[in-house]
Amino acid sequence: MRKALRAWDRFWFTTRSTSTAAVVRIAGGLVLLAWAVALGRDVLSFFGPEGILPKAPDYRAAGLKGIWGLLGSTPSPAVVIVVYVALVVGAVCLVVGFHSRFAALVVFATVVSFTRRNPTVFNSGDALLRVLTFFLVLVPGGAALSVDRWRRTRKTGEDFWQPPVGAVWPLRLMQVQLSVAYLAAAWAKVGGVTWREGSAVTYALRVGFIRRLPLPHSVTQSLLLSNVASYATLATELALGLLVWNRRLRRRVLLVGVAFHLILDYAFRVGFFSYGMFVFYLAFVPPETMDTWLSRARDKLGHRRAGRRPGGGADEGDVSTGSGAAAEAEGADSVAAPARAGALAGSDPSPRLAGG
Amino acid sequence: MVQERLESSRIGRVLISVGILVVLGAVFTWNLPPSELAIRTQPAFQRVTLASGLDQNWSVFAPDPPKSELDFEARIVYGDSTQRIWKVPTGDPFLGAYWDYRWLKWGEIVTAGIDARLWLPAAQWIARQEQDAGRRPVSVTLMRHIKPRSLAGPAAPQSTVDFYTYPVPGATDGPPA
Chain A
0 MRKALRAWDR FWFTTRSTST AAVVRIAGGL VLLAWAVALG RDVLSFFGPE GILPKAPDYR
60 AAGLKGIWGL LGSTPSPAVV IVVYVALVVG AVCLVVGFHS RFAALVVFAT VVSFTRRNPT
120 VFNSGDALLR VLTFFLVLVP GGAALSVDRW RRTRKTGEDF WQPPVGAVWP LRLMQVQLSV
180 AYLAAAWAKV GGVTWREGSA VTYALRVGFI RRLPLPHSVT QSLLLSNVAS YATLATELAL
240 GLLVWNRRLR RRVLLVGVAF HLILDYAFRV GFFSYGMFVF YLAFVPPETM DTWLSRARDK
300 LGHRRAGRRP GGGADEGDVS TGSGAAAEAE GADSVAAPAR AGALAGSDPS PRLAGG
Chain B
0 MVQERLESSR IGRVLISVGI LVVLGAVFTW NLPPSELAIR TQPAFQRVTL ASGLDQNWSV
60 FAPDPPKSEL DFEARIVYGD STQRIWKVPT GDPFLGAYWD YRWLKWGEIV TAGIDARLWL
120 PAAQWIARQE QDAGRRPVSV TLMRHIKPRS LAGPAAPQST VDFYTYPVPG ATDGPPA
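Just so you know, the protein sequences line up as chains A and B, in that order. The first sequence: position 296 = 295 (numbering that gives the first Met the number 0), numbered continuously. The second sequence: position 129 = 128 (numbering that gives the first Met the number 0), numbered continuously.
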């Protein structure tokens, strides 16, 4: 029992650099900002009192408990616009990390409100973004690479570019969510005849209204290619659901996932689905690797920390940079390296996260 | 700051662990396939799942992609008996695809006939768009184009079904403006 509790504690509460959390916040904020901007042209048609659904569905009558929203059942155009502006401002604040936690809360509340007000205009990808907003409230994304961090470092003299450490449990929840989503998707498909016989993809590609960019007729109509693509889709979803937990295979599995979603985004009008998935993928990037990437990016931008540090000399950031490079070379993960993570946390001169 | 303090104390980690278990329960039970287990567990987490927005649906093209395509259109009749076909708004395949998918989703749901309560507001909205453009429609008829898809041999012929007609109140005879 003690062993299990220790494993639980290690899995959820290991402290690591918050760089991954920060990048998840920025990427999530950008996707949600784009989502909000794309919604702008239709906001009154979708949610206004003279729109395509003047009154929100009666969820209580449908036996659904717990549903809430800022828009109510029949909001006035002014209320719709106020909530929409709050969404856009919240998303901008999330990207730059200004009052990050509050911004995440605003984005969460507004996205939930819009999706509840008129569910007929949203697809599974939009639901994914709503789920993402929930996790962004939990993720300590403002602890690094943010206006919040900059303001704090001005007061304390800490190095802006040295991410503080924090517990990994919010990112772990995102990882579990991603895994469950792919397993549920694969499970839903194996129940279908066309997926089992391999014809599903050609049927999907023949649905004209959802097609996006052109594919050769020989591709969309080929039963042989459909067989390959259908089984590859099932294999990809199963791999993303299961093998993503394997340290050695994770990077390859996620790269296959990126290719899979880019093809999906090319072929179908699925909105922001693929980009939402990519944000969840980022939760699997080990913080040490993220530190390395950020360090390289910072160097390219010409930032020189040593010159700004009191005393100069050896750069403490080199500790995490070096570890990050090693971790990257090993294909290190954010799940199965608790001992190393603990050692890193122990030797990391960064403060624990604050704010964000 | 609150999160940091919670994470660094034993009691705080216990509280967070309870929260983690609740979130996991919400995610897992919602994604269970239809089963006795789902029937028994989902109600316990339903309130949390819906309040947190964690409800999700991964049945994309599942269990099977549609074997026939349903297109949504509307026939608008004006006072002088002339007609116009209204189509669901669509954008270009590049940037337009990031807003028009919502209209396509709506059109799919209206056409599928899952909820007839969507038809009247849909027709009213289309009529209002016409009026805002200075035209005077007398009726809006919602139509479903059915295009069967066949893997072998010729597909069955396409068909069109008028499934709802909305007589625009107060419409006066006369040509469209």
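I should point out that these hints are in silico values taken from the structure, not numbers from a laboratory. Please note that the accuracy of each hint is not assured.
What the hints assert, rightly or not - Label pairs and their computed distance ranges (CB to CB):
1. A:Pro53 x B:Arg39: 20 to 26 angstroms
2. B:Gly90 x A:Val88: 46 to 52 angstroms
3. B:Arg39 x A:Val88: 38 to 44 angstroms
4. A:Glu157 x B:Gly90: 32 to 38 angstroms
5. A:Pro48 x B:Ala111: 24 to 30 angstroms
6. B:Leu94 x A:Asp8: 29 to 35 angstroms
7. B:Lys86 x A:Glu157: 37 to 43 angstroms
8. B:Asp131 x A:Glu157: 52 to 58 angstroms
9. B:Gly90 x A:Pro76: 22 to 28 angstroms
Unchecked claim - Take a look, some chain A residues computed to stay more than 12 angstroms from chain B by CB distance:
10. Val87
11. Lys154
12. Ser178
13. Arg251
Note that beta-carbon positions come from the ideal geometry of N, C-alpha and C, so glycine has one too.
Now for the hints, and whether the structure bears them out:
no.: 1; hint: A:Pro53 x B:Arg39: 20 to 26 angstroms; result: violated, 38 angstroms
no.: 2; hint: B:Gly90 x A:Val88: 46 to 52 angstroms; result: violated, 25 angstroms
no.: 3; hint: B:Arg39 x A:Val88: 38 to 44 angstroms; result: holds, 43 angstroms
no.: 4; hint: A:Glu157 x B:Gly90: 32 to 38 angstroms; result: violated, 46 angstroms
no.: 5; hint: A:Pro48 x B:Ala111: 24 to 30 angstroms; result: holds, 25 angstroms
no.: 6; hint: B:Leu94 x A:Asp8: 29 to 35 angstroms; result: violated, 47 angstroms
no.: 7; hint: B:Lys86 x A:Glu157: 37 to 43 angstroms; result: violated, 58 angstroms
no.: 8; hint: B:Asp131 x A:Glu157: 52 to 58 angstroms; result: holds, 57 angstroms
no.: 9; hint: B:Gly90 x A:Pro76: 22 to 28 angstroms; result: holds, 23 angstroms
no.: 10; hint: Val87; result: holds, 15 angstroms
no.: 11; hint: Lys154; result: holds, 14 angstroms
no.: 12; hint: Ser178; result: violated, 10 angstroms
no.: 13; hint: Arg251; result: holds, 23 angstroms
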